[in-house]
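**Q** Those sequence lines, one after another, are chains A and B.
Residue numbering for the first sequence is 1 to 273, as defined by our numbering.
Residue numbering for the second sequence is 274 to 556, as defined by our numbering.
Don't read these hints as lab results, they were simulated from the structure.
All C-beta atoms in this analysis are idealised placements derived from N, C-alpha and C, irrespective of residue type, glycine included.
A couple of the hints might just be wrong.
Short, incomplete list of chain B residues facing chain A, as computed with Cβ under 10 Å [unchecked claim]: (1) 401; (2) 403; (3) 404; (4) 452; (5) 455; (6) 456; (7) 458; (8) 460; (9) 469; (10) 473; (11) 549.
Pair ranges (Cβ atoms, derived) [what the hints assert, rightly or not]: (12) A/36 with B/402: 54 to 60 Å; (13) B/496 with A/49: 54 to 60 Å; (14) B/390 with A/112: 27 to 33 Å; (15) B/372 with A/136: 30 to 36 Å; (16) A/132 with B/543: 32 to 38 Å.
For lysine to aspartate or glutamate, the following DMTMM-like pairs were computed, each having C-alpha atoms within a straight-line distance of at most 20 Å [claimed, not checked]: (17) B/469 with A/182; (18) B/469 with A/136; (19) B/469 with A/109; (20) A/268 with A/38; (21) A/223 with A/38; (22) A/223 with A/258; (23) B/469 with B/449.
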Amino acid sequence: MSTHISFRDVTKRFVVRDRASRRRTEFTAVRGVDLDVERGEFLVLVGPSGCGKSTLLDLLGGLAEPSEGQVLLEGAPITGPGLDRGVVFQQYALLPWRTAQGNVEFGLEAAGVLRRERSGRAREFLDLVGLGGFEDRHPHQLSGGMRQRVAIARSLAYDPAVLLMDEPFAALDAQTRESLQDELLRIWQRTGKTVVFITHSIDEAVYLGQRVAVLTSRPGRVKEVVPIDLGDRTGQADLRSGTGFARYRHRIWELLHDEVSRAQQQEKEVAAV
Amino acid sequence: MTALLESRPSVDEEGPASRVAGPSVARRVVDALVTSVGKVAAIVLLLGVWETAPRLGLVDDTFLPPFSTVLDAWWRLAADGQLLDNTGASLARSLSGFGLAVAVAVPLGLVIGWYKSVASLLGPLLEVFRNTAALALLPVFVLLLGIGETSKIAIVFYACTWPILLNTISAVRGVDPTLLRLARSVDLSGFRLFQKVILPAAVPTVFTGIRLAGAVSILVLVAAEMVGAKAGLGHLVNASQFNFAIPQMYAGIITISAIGVVFNQLLVALERLFTSWRVPVGS
Chain A
1 MSTHISFRDV TKRFVVRDRA SRRRTEFTAV RGVDLDVERG EFLVLVGPSG
51 CGKSTLLDLL GGLAEPSEGQ VLLEGAPITG PGLDRGVVFQ QYALLPWRTA
101 QGNVEFGLEA AGVLRRERSG RAREFLDLVG LGGFEDRHPH QLSGGMRQRV
151 AIARSLAYDP AVLLMDEPFA ALDAQTRESL QDELLRIWQR TGKTVVFITH
201 SIDEAVYLGQ RVAVLTSRPG RVKEVVPIDL GDRTGQADLR SGTGFARYRH
251 RIWELLHDEV SRAQQQEKEV AAV
Chain B
274 MTALLESRPS VDEEGPASRV AGPSVARRVV DALVTSVGKV AAIVLLLGVW
324 ETAPRLGLVD DTFLPPFSTV LDAWWRLAAD GQLLDNTGAS LARSLSGFGL
374 AVAVAVPLGL VIGWYKSVAS LLGPLLEVFR NTAALALLPV FVLLLGIGET
424 SKIAIVFYAC TWPILLNTIS AVRGVDPTLL RLARSVDLSG FRLFQKVILP
474 AAVPTVFTGI RLAGAVSILV LVAAEMVGAK AGLGHLVNAS QFNFAIPQMY
524 AGIITISAIG VVFNQLLVAL ERLFTSWRVP VGS
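Can you make the complete structure from the sequences, with help from the hints?
**A** In structure tokens form, the structure reads like this:
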């Protein structure tokens, strides 16, 4: 396997202007992040709230630039957004005036796929995410899980090498979330994409990730990268109840525990100021 | 969850779905009948009071003739072509002013809304103009453009511009930021971003402005025609009052309100057509 994405000592600072005092203060979201992602790997980033998980994803997506260090994709620094990376947002980000089909075609239009090829490709990817027969539905006619499936199909259809997922299942109910997790693993195995997946759920991290990178509270650093070896997940009936799963779950819980209480402490301090 | 349940295309769920649909359609028809009867009832009641109150001597029938007398006057106005001429004159003015306002204010609003600096620069000025009653400026328009068609169309244009412009600006400013992030993530920029995301997202709010402007166009025009005009429904109403032709005056008034209602309904229908994706089908 070769390295697909690498973070080299990445720091990201934001300038925040305080409304009351009108003073500019600097705020470090992530500091000195070093992380490599292999080609075709499923990597999960997990961390307490406000630890800069989404900042890392924005850097990868080219929606933000690092203040220090470099984010490399195929060995070259990322200079901006591009169709070699597909982003799946937590809030689905579907265009409400387009049908499911139209939403998938949106990405294809951006990629410059010819008109006559678009509808076939869109249908193919809606089938892949299990939404065959729902092409003509508008987003408001679909459930939350189905909307996220459409968004996943949209990101896959223009064939990016990397799939960036920002807490995509956080807004879904437990059953829907589990079935989408299985679906995602199946799609990942079939397409061989590199997936960077952000979550705050330990269970989700252990269930999905080949490796789980645990981040510290703000400023976010990589505390530890835990390799998860649970074999073929989709082949096992109730993986989540197994002892192996529980052991990994506990390991990551331990790593996160102190960080979560520190993050809460930080939030209280911010609120007090 | 309901969407999930409704939309499973499996055969065994088709049965209960259609069984549910049967009574609900019948109920919907009954509901629609009840509400439409209710709507008509209020109008019928008003007309009934209008008809009987003068006849019973509750009000002076010189100032409020019975509805049937007004209807009769309306019919005679319609027959001798006066009504048609005046309505034509009014509609031509208000539609040209309104059409011009749509043609100018929508593109202008899109540009202003898109460039944040322009929006914040022009914001206070637009607020001042919007809050200046258009009719207060009527003397200025007459002074500058005379009492002919130009000043009438110009005042309608002026009054219609603000609701459309301000709604269009806020429509562009209010586009869901997640959609903008999505567009950026697929490297969509400039014209294509505008065409594929901003414009369709703005349509509903822009239409609200257009609908407001539709009402304004008739309101302002009638007032303008009362001040100085040789034709038009506002002129008809005013002149009838001067000549003490009271039934004709009321005939003019009901024509104006009928035009207002029809124009609004047309715009609502047009709005539905353009924003059908917002109306949940079957709920």
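**Q** A separate judgement is required for each hint: does it hold in the structure or not?
**A** A quick look at each hint next to the structure:
Proximity of residue 401 of chain B to chain A is violated relative to the hint, the smallest CB-CB distance being about 27 Å (cut-off 10 Å). The beta carbon of residue 403 of chain B comes no nearer than 28 Å to any beta carbon in chain A, farther than 10 Å, and the hint placing it at the interface is violated. Annotation: interface hint on residue 404 of chain B violated; nearest CB of chain A at approximately 28 Å, more than 10 Å. A cut of 10 Å between beta carbons decides the hint on residue 452 of chain B: the least distance to chain A is about 6 Å, and the hint holds.
Because the beta carbon of residue 455 of chain B sits about 4 Å from the nearest beta carbon in chain A, less than 10 Å, this interface hint is met. The beta carbon of residue 456 of chain B comes within 8 Å of a beta carbon in chain A, closer than 10 Å, and the hint placing it at the interface holds. Because the beta carbon of residue 458 of chain B sits about 4 Å from the nearest beta carbon in chain A, less than 10 Å, this interface hint is met. Look at residue 460 of chain B: its Cβ gets to within about 5 Å of chain A, closer than 10 Å, so that hint holds up.
The interface hint given for residue 469 of chain B is met, as the beta carbon of that residue sits about 7 Å from the closest beta carbon of chain A, less than 10 Å. Because the closest C-beta pair between residue 473 of chain B and chain A is about 5 Å apart, less than 10 Å, the hint holds. For residue 549 of chain B, the interface hint holds, since its Cβ comes within 10 Å of a Cβ in chain A; the closest pair sits about 9 Å apart. Distance hint for residue 36 of chain A and residue 402 of chain B: a CB-CB separation of about 59 Å, consistent with the stated range 54 to 60 Å.
Judged by the Cβ atoms, the range 54 to 60 Å given for residue 496 of chain B and residue 49 of chain A holds: they are separated by roughly 58 Å. The hinted window of 27 to 33 Å between residue 390 of chain B and residue 112 of chain A holds, with their beta carbons roughly 32 Å apart. For the pair residue 372 of chain B and residue 136 of chain A, the beta carbons lie near 35 Å from each other, so the given range of 30 to 36 Å is met. About 35 Å separates the C-beta atoms of residue 132 of chain A and residue 543 of chain B, a value consistent with the hinted range of 32 to 38 Å.
As the CA atoms of residue 469 of chain B and residue 182 of chain A are separated by approximately 33 Å, the hinted pair breaks the 20 Å bound. In summary, the hint linking residue 469 of chain B to residue 136 of chain A is supported, as the alpha carbons are separated by about 18 Å, within the 20 Å threshold. Annotation: proposed proximity of residue 469 of chain B to residue 109 of chain A holds, straight-line Cα distance about 10 Å (limit 20 Å). Distance check on the hinted pair: residue 268 of chain A and residue 38 of chain A sit about 38 Å apart at the alpha-carbon level, beyond 20 Å; violated.
Our distance criterion of 20 Å between C-alpha atoms is met by residue 223 of chain A and residue 38 of chain A, whose separation comes to about 19 Å. The suggested pairing of residue 223 of chain A with residue 258 of chain A holds, with an alpha-carbon distance near 11 Å, which does not exceed 20 Å. Pair hint residue 469 of chain B plus residue 449 of chain B holds up; C-alpha atoms about 13 Å apart against a cutoff of 20 Å.
Consistency with the previously given hints fails for numbers 1, 2, 3, 17, 20, ordered from lowest to highest.
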